[in-house]
Amino acid sequence: MEVLKIATAGSVDDGKSTLIGRLLYDTKSLTEDKLEAIKKSSEQRGYDYLDFSLATDGLVAEREQGITIDVAHIYFSTAKKSYIIADTPGHVEYTRNMVTGASTSQVAIILIDARKGVIEQTYRHFFINNLLRVKEVIVAINKMDLVGYDEAVFENIKRDFEALNARSTFNDQRLTYIPVSALKGDNVVSSANAMPWYQGDTILDHLENLKAEDVYQSGQVRFPVQTVIRPKTADFHDFRGYAGKIYGGSLKVGDAVTVLPSLTASKIKEIYFFDKKYEQAAAGSAVNITLEDDINVTRGDMLVKQNEIPKIEKEINATVCWMDSKQLQTGTKYIVQHNTNKVLSKIAGINNVVTTDYNGTVSADNKLKLNEIGEVSIKLSKPIYFDSYQENKSNGAFILIDAQTNATAGVGFIN
Amino acid sequence: MNTITAELEPLTTITETVSLQPDALESEAIYIFREVVAQFEKPVLLFSGGKDSITLVRLAQKAFYPSKIPFPLMHIDTGHNFPETIAFRDKLVEELGVELIVRKVQDSIDQGKVVEETGKYASRNMLQTTTLLDAIEEFKFDACIGGARRDEEKARAKERIFSVRDDFGQWDEKNQRPELFDMLNGAIEIGQNVRVFPISNWTELDVWSYIESEGIEIPSIYFAHKRNIFVRDGLIWSAEDDVVFRAEDEVVEERMVRFRTVGDMSCTAAVLSYADSIEKVVAEIRESQISERGARIDDKRSEAAMEKRKQQGYF
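As given, the protein sequences belong to chains A and B, one line each in that order.
Quick note: the first sequence uses numbering that gives the first Met the number 0, first residue 0, plus one each step.
Quick note: the second sequence uses numbering that gives the first Met the number 0, first residue 0, plus one each step.
Hint data in this document are derived by calculation from the structure and do not stem from the laboratory.
Errors might be hidden in some of the hints.
[As the list claims (entries may be wrong)] Not the full set, but computed from the structure, chain A residues with beta-carbon under 8 Å of chain B:
1) VAL2
2) SER102
3) GLN225
This structure is a prediction, so every number in the text was calculated from the model and none was measured.
Note that the Cβ used here is the ideal one computed from N, Cα and C, for glycine as well.
Can you make the complete structure from the sequences, with help from the hints?
Laid out in structure tokens, this is it:
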């Protein structure tokens, strides 16, 4: 079945939990026992409404404080699609969680409280979706019931958001504005009688009809090798297959390929998926590829088409979102994990900190703190083979691993 | 020359002329399996004989074909098994030609490491943790692959695909590594281990649909059958063995039932059902108004039951 991955960001006050709860409830995805548990917990806490956040805030600490701390994953499905929502907290101190949620999502839902309009938090949500180049963005203008379902309120917010959009550098984004009341269920799954002036789709209809691209948009084909498969059995005595996932485009038998970093040329001999061979495999396939020539290929190497060689360099400039409480400093060493390749690196310079409200950059003072985003130059001990994130998402992103603590300390988007 | 090449080809492999179109969830799981083998030295697949671990086995086969599955399976045996599950397990292992490790909760009890629970709600589910942690230490496993899914339970919804545990097996839920794009960071210190969940993003329905479309064999208790049962607290319990505590006033009757999950018998309740084929089971799950874990008494102990168990090293 088709899977659609969605990221939502926002605080409790935006009605984010109510919106998710409404999506689950109206698609009949909440089973009776789960609903009963929500009712019971809501009553225990003295609420006279159903607090759906009790179903999504999975940790004791979250329920105690009434906030979402970590990314939660919520699942529901219709006859047409399976949906996965990465529900992330919206405050500035959770920027890293928003970036994490957005990294695996094809669609973003940005919630706006109709009474408050476009606020600082909206800027940040939109900025992160721009940075990660999430193409489909739904701007859900919520709590329309509290502004008398007034079309003028909706239009004003839309105008403000368009002004914000004009400041974005990512122009491929598709924005869809939907006036909703998550509490009353207007335009979430069913359309709203209260807003006859709105003729567009409900949120669910929009999602159902969306032909969203894979998280990794199409571009040049990249095949990072995960592991080498050598069965050494009688039937497959000399078999040597390269296992990995295809990104960016499709590969077919006979394609002339180059192995990176050795720059050795060969041709695709076979494409296996389990016990079947295919003439061709589309992007996203986790296949096992054999080559015509007996050459040395190991984990971390990459197969590309011969006329589509990426950059092979030892110095990169990237926009980095810092995710560790230990701040990033110039001169420190980290491990760069880029696809399946790991390389030791040194932070050559932290050039600036980017504000997440479209107010440009500020001086970084050679440091990047937790949840800050900045422009960083990195020197690598060995060259990596990359594209800019703009050209090829899968081959333009990397993570930084702290060699002492093993923590995933940051994520970078190569410029 | 052509004939010689043809002879070298294994007879079973047919080349499909259609382009392979990936199933997103299947691809993701296969990718995760390969990352485990590439990033860890001693992985193991935790196999309970339930549908989720059976699905994992199929995905592992797909990930490494034409090689065998390159790690052993391990069953943490509570001793409270449905006999059908054990028979199924042994048959599957033989077909795959992989190693099966069995470690028994009974041994942990005999060694005085854990104390058997008593009374109406007694279960060995909690006791499994000690046996599991001991086995991890015994074999020096650095990655334990499990069939947990995020849709099962709200604490599980917060779980990472590569979930790091310290040398006490503990889950530090407030300090988890962010997982971005497809990049999985499996770097750990000696003594730590990682729990890996390749079907994190699958729902119960996804698992059942996959079992249907792949034609995967599963133990018979998943299908409707006649069984002697009794009802307690609105849940249906098997009365065919001594494992489940039954008070004298709890009346036994014969009904058509099936199991939606196969855990320790003492905490796994049945559901009334006439679904005796995989198609009917899938249809039933689609229409179901009760979640899968609605029949698992281990989650009903408190709102944070799962989170607490995970902190202590439960899988």
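### Message
Min Cβ distance, A/GLN225 to chain B: is it shorter than 8 Å?
### Response
holds (4 Å)
### Residue hint A/SER102, partner chain B, criterion CB-CB below 8 Å
Holds, because the Cβ-Cβ distance from A/SER102 to chain B comes to roughly 4 Å (cut-off 8 Å).
### Cut-off 8 Å, beta-carbon criterion: hint that A/VAL2 touches chain B
holds (4 Å)
Hint violations for this structure: none, all hints satisfied.
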